[in-house]
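Listed here are the chains, written in short residue letters.
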Amino acid sequence: MSSVVKKFFIASMFMWAAPVAILYGFNHNILPGSTHLDSYSLTLLSGFLAVISVNIVIAIYICMAMKEPSDKHEPDPAFLASAKASLRQKPNEAEDSSPTREKEE
Amino acid sequence: MPASSSAAMVGASSTWSRALMQISPYTFSALGIAIGIGVSALGAAWGILITGSSLIGAAVKAPRITSKNLISVIFCEAVAIYGVIVAIILQTKLESVPPSQLYAPESLRAGYAIFASGIVVGFANLACGLCVGIIGSSCALSDAQNSSLFVKILVIEIFGSALGLFGVIVGIIMSAQATWPSK
Chain S
1 MSSVVKKFFI ASMFMWAAPV AILYGFNHNI LPGSTHLDSY SLTLLSGFLA VISVNIVIAI
61 YICMAMKEPS DKHEPDPAFL ASAKASLRQK PNEAEDSSPT REKEE
Chain B
1 MPASSSAAMV GASSTWSRAL MQISPYTFSA LGIAIGIGVS ALGAAWGILI TGSSLIGAAV
61 KAPRITSKNL ISVIFCEAVA IYGVIVAIIL QTKLESVPPS QLYAPESLRA GYAIFASGIV
121 VGFANLACGL CVGIIGSSCA LSDAQNSSLF VKILVIEIFG SALGLFGVIV GIIMSAQATW
181 PSK
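Chains S and B, in that order, give the protein sequences.
The opening position of the first sequence corresponds to residue 1 in the UniProt record's numbering, with each subsequent residue numbered one higher.
The opening position of the second sequence corresponds to residue 1 in the UniProt record's numbering, with each subsequent residue numbered one higher.
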């Protein structure tokens, strides 16, 4: 369970960090080639690259999640124990209630 | 009435249009940015609450579904991130203009472009977040019953998340042409 949550958190962090970093890089001229652009193309390019980076992170997460083996079905042990206990109780309760119903009739 | 309409000055034929044109373009820009990020976050939160509650409930009896169905939560979160991206882009588009140019047509145009961009992104992301949330909740429930259904429902979810993408693309293109008059 913890590996699932860890993957999710790492993917979420990348999803936030990548587009903000790309936008920051373009606006503060850190990325190479960003100084020569006029503001129209700068906005378009930085915006589209940021959106594409978010989608790339999503696609990577989908690939990672689909690869996990989900064939084993392991029910929660506490739930299983209480289910088995209720199964043992139920036949006794059925025997107790049926004679009372016959009396009422 | 004729006296007040003739007193309603230059370039305006009625008092309503004059009132609208006297609103500062910065008001419209600020509203656009606020609506863009605020309503996107609303859509993302709504989607995550719908899909998250179903996911946690279904995972009680079928814990294997959690790792794959977190994809729905990631799609909803992407919606919020689109709102953040557009808000950052829009606030870099805000520039100061000298007071004489504040109500020039080009200023008004820039203000309206930023406003429209924010509204487009906000409401597209609201719809997308809701859509992906409801699909994700059904996906979790059906995956718990029958794991072969997951991939088919994921295709529907990808179509749903394309709605937010359309809004972001149009919003970015609209905001790219928000140029304030320079002097």
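Errors might be hidden in some of the hints.
[To be verified] Once the Cα atoms are required to be at most 25 angstroms apart in a straight line, the calculated SDA-like pairs of lysine to any residue come out as:
hint, chain 1, residue 1, chain 2, residue 2
1, S, Lys6, B, Ala59
2, B, Lys61, S, Leu44
3, B, Lys152, B, Gln91
4, S, Lys7, B, Ala45
5, B, Lys152, S, Phe8
[Claimed, not checked] To spell it out: a stretch of chain B is covered by chain S in this simulated footprint if at least three of its residues, at any positions, have a beta carbon under 8 angstroms from a beta carbon of chain S; those stretches are:
hint, stretch
6, 17-28
7, 47-55
8, 58-70
9, 100-106
10, 122-131
Quick caveat, the hints were computed from the structure, so don't treat them as lab data.
Heads up, the beta-carbon is just placed ideally off N, CA and C, and yes, glycines get one too.
(message) I'd like to know which numbered hints this structure contradicts. Please list them from smallest to largest.
(response) 2, 3, 6, 7, 9 and 10
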